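2 protein chains.
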Amino acid sequence: MRRIAILAEGAFEWHYGKTGIGVIHYGKDPVVAVIDSTQAGQDVSQALGASFGQGIPIVRNIHEALAYQPNALLIGIAPMGGALPKAWRWQLLAAIEAGLEIISGLHMFLADDEELKAAADKRGVAIWDVRRPPDKNRVAEFLPHRPGSHTVLMVGSDCATGKMTVALELDREAQRRGLKSAFVATGQTGIMISGNGLPVDRIISDFVAGMVEEMVLDFTTTNDWVFVEGQGALNHPGYSPVTLGLIHGSMPDAMIFCHKAGSTTIEGYDNCPLPSLARMIQFNEDTVSWVRPERPCKVVGLALMTHHLNDQEARKAVKRAKDETGLPATDVVRFGAGVLMDALSKYFAL
Amino acid sequence: MRRIAILAEGAFEWHYGKTGIGVIHYGKDPVVAVIDSTQAGQDVSQALGASFGQGIPIVRNIHEALAYQPNALLIGIAPMGGALPKAWRWQLLAAIEAGLEIISGLHMFLADDEELKAAADKRGVAIWDVRRPPDKNRVAEFLPHRPGSHTVLMVGSDCATGKMTVALELDREAQRRGLKSAFVATGQTGIMISGNGLPVDRIISDFVAGMVEEMVLDFTTTNDWVFVEGQGALNHPGYSPVTLGLIHGSMPDAMIFCHKAGSTTIEGYDNCPLPSLARMIQFNEDTVSWVRPERPCKVVGLALMTHHLNDQEARKAVKRAKDETGLPATDVVRFGAGVLMDALSKYFAL
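Top line first, the protein sequences correspond to chains A and B. According to our numbering, the first sequence is numbered sequentially starting from 121. According to our numbering, the second sequence is numbered sequentially starting from 121.
Keep in mind that the hints were calculated from the coordinates and are not lab data. Each hint should be verified, as a subset may be incorrect.
Because identical chains share one entry, a pair is satisfied inside a single copy or across any pair of copies.
As the list claims (entries may be wrong) - Calculated pairs, PhoX-like style, for lysine-lysine (alpha carbon to alpha carbon, straight line, at most 25 Å):
| no. | residue 1 | residue 2 |
| --- | --- | --- |
| 1 | Lys439 | Lys418 |
| 2 | Lys242 | Lys436 |
| 3 | Lys256 | Lys237 |
| 4 | Lys148 | Lys418 |
| 5 | Lys256 | Lys206 |
| 6 | Lys148 | Lys442 |
| 7 | Lys439 | Lys242 |
| 8 | Lys256 | Lys300 |
Model, not experiment: these values are computed from the prediction.
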């Protein structure tokens with residue numbers, strides 16, 4: 121079993137720290153400390169204002185973290201572009217020196233860094249670059265899923281709109297109901313949580329759909345419900361190809377639309393306003409019909425991210441989204457995924 | 121200057137041989153011989169039934185090709201998946217032995233093949249893997265093009281529907297009219313023809329749009345008309361992410377829709393019927409509005425591929441497409457690109 125220390129220096133908050141937070145919240149292995157000198161002294165629950173993470177200390181640096189006897193150091197941020205902040209190098213080297221496995225979801229592979237690689241080899245320590253794509257390549261073959269299986273893909277209005285969390289919560293809810301269900305990871309955090317999956321944004325564009333198809337076919341063979349983590353957004357100027365590859369690779373039977381309440385532009389692109397919810401839902405559904413016109417795919421529910429709102433505001437936001445789209449809506453973290461699982465069950469029973 | 125021999129063993133025909141044919145038809149450097157033992161003895165024009173290629177001999181193998189004193193051997197096929205046919209290896213080794221540069225657009229990089237690499241190093245011969253992506257990565261920034269520039273992207277119903285040819289013919293036609301125009305290559309053949317460009321299908325999905333954006337911005341800085349070669353199709357189950365990356369990266373001002381007359385399914389996917397022309401045009405246009413709703417992009421003309429039809433059938437097919445869509449249509453190879461250039465000029469004058 122891993123005992124994980126998370127490196128999240130200066131960034132242990134909901135947006136940039138989402139990798140670390142996801143592993144704390146949903147991972148199987150215990151997190152024993154979080155490194156963020158700007159919040160040292162608190163515990164995770166206090167720092168985030170979250171209902172989880174009580175008793176997990178936030179510490180100043182790797183030296184303090186070692187007191188909690190971790191055997192792995194996990195890089196807990198997901199910066200745009202994916203480079204390694206220079207100021208972290210000494211902490212990684214200290215962790216390797218102390219015999220910790222290194223787990224990273226950065227775009228740049230730590231095992232390809234000469235200094236880190238040499239240190240890890242010398243100490244006999246593994247570096248797991250979660251984002252390293254498989255050597256294999258595969259073009260999508262447009263194969264049908266096992267009849268009776270239900271593939272549900274999370275889509276959304278932007279990156280960081282809760283797509284992974286919603287898939288994880290739906291999987292938990294399905295299992296709670298006694299259904300044979302699986303979560304399919306498509307990004308670094310999901311892969312760290314589930315121990316498998318595909319770093320979709322690292323795959324060569326010709327093979328994105330094909331590699332996703334193969335993975336989803338595997339899951340649908342042995343599961344009745346397959347909840348696929350989504351990535352990016354069709355209306356994102358940079359990441360839309362990843363999103364479309366996921367849609368055409370997973371060929372979902374239904375979708376859940378994820379949105380951060382109140383967002384009006386793509387994060388980091390002030391000149392790129394979000395279309396209305398109804399419009400985004402329509403064009404996400406439309407993409408399935410481009411290749412499978414005979415069997416449309418519907419968005420059957422909305423998952424709102426409302427952690428930046430108080431309870432009353434959150435309820436208002438959920439009601440507004442419901443009224444605007446005519447679809448069931450909730451915040452799965454705040455109110456549970458039951459409403460969405462009900463909607464899916466009803467949809468497939470029809 | 122290069123003197124090119126093209127290796128197209130068993131596949132020197134319009135579909136699988138399109139790389140070699142493109143270089144013969146549009147490239148700047150002369151092709152001195154084509155290797156295809158199944159058609160040896162003819163010239164290129166005879167073998168293809170084409171209006172170009174007179175006097176370029178088709179020969180049995182590399183040994184016969186060497187009589188025409190090539191200084192480069194270009195692999196002239198584009199197979200699905202992109203692997204190197206095993207039976208070709210000896211011919212590549214013989215070419216290297218004879219001092220020829222090797223030019224390849226295959227997915228597998230010949231310079232990474234130990235045997236070929238060792239032979240090339242020993243003989244001091246270069247291996248140019250056209251599909252090798254740049255080391256650089258870049259996320260799209262959604263930057264505006266130079267005002268007054270016109271970016272025109274080719275889209276289509278499938279792979280191999282003439283997108284590169286149409287972009288090249290439009291560029292020629294624009295230059296004929298005295299316009300400052302450029303062709304932007306996005307695939308192996310286009311890159312071989314123009315000497316630059318981006319192998320879009322080899323780029324990591326997170327960076328497809330960003331790398332295309334940077335290249336197109338460069339071209340729009342110094343050209344008034346920028347004709348971008350398209351790839352794949354939005355309704356292709358495997359390659360749609362490449363297509364969307366090209367659309368969102370190039371952010372075109374107008375599009376030309378390319379289609380092989382009479383096609384009814386995606387090539388190689390019998391269970392994937394083509395939507396109607398009107399429907400395909402609609403959803404290609406729609407994708408631009410996802411990120412740029414304030415300024416829609418229109419398909420302003422249709423380019424039909426009709427080389428498999430006789431003249432009368434071709435005229436009928438063009439008329440049918442015009443009637444079906446209400447758009448100007450032509451086959452640029454058979455009838456010239458004038459009709460489409462007229463339509464574009466009119467569109468931008470409005």
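Inset, instruction - Tell me, please, which holds for Lys439 and Lys242 at an alpha-carbon limit of 25 Å: within, between, both or neither? - result: neither (58 Å within a copy, 72 Å between copies)
Inset, instruction - Indicate which option fits the pair Lys256, Lys237 if close means a Cα-Cα distance not exceeding 25 Å: within, between, both or neither. - result: Both: 24 Å inside a chain and 22 Å across chains, each within 25 Å.
Inset, instruction - Since the copies are identical, ignore which copy is meant and state whether Lys439 and Lys418 lie within 25 Å (CA to CA) inside a copy, between copies, both or neither. - result: Only inside one copy: Lys439 and Lys418 sit 20 Å apart there, 37 Å across copies, limit 25 Å.
Legend entry - Intra- versus inter-subunit Cα pairing at 25 Å for Lys242 with Lys436: neither (57 Å within a copy, 72 Å between copies)
Legend entry - Status of Lys442 relative to Lys148 across identical chains (alpha carbons, at most 25 Å): neither (34 Å within a copy, 60 Å between copies)
Legend entry - Homomeric proximity label, Lys148 with Lys418: Cα distance no greater than 25 Å: This pair counts as neither: shortest intra-copy Cα distance 32 Å, inter-copy 50 Å.
Inset, instruction - Could you place Lys256 and Lys206 in one of the four classes (within, between, both, neither) given a Cα distance threshold of 25 Å? - result: Classified as between; 19 Å across copies, 32 Å inside a copy.
Inset, instruction - Could you place Lys256 and Lys300 in one of the four classes (within, between, both, neither) given a Cα distance threshold of 25 Å? - result: neither (29 Å within a copy, 43 Å between copies)
Hint violations for this structure: numbers 2, 4, 6, 7, 8, all remaining hints satisfied.
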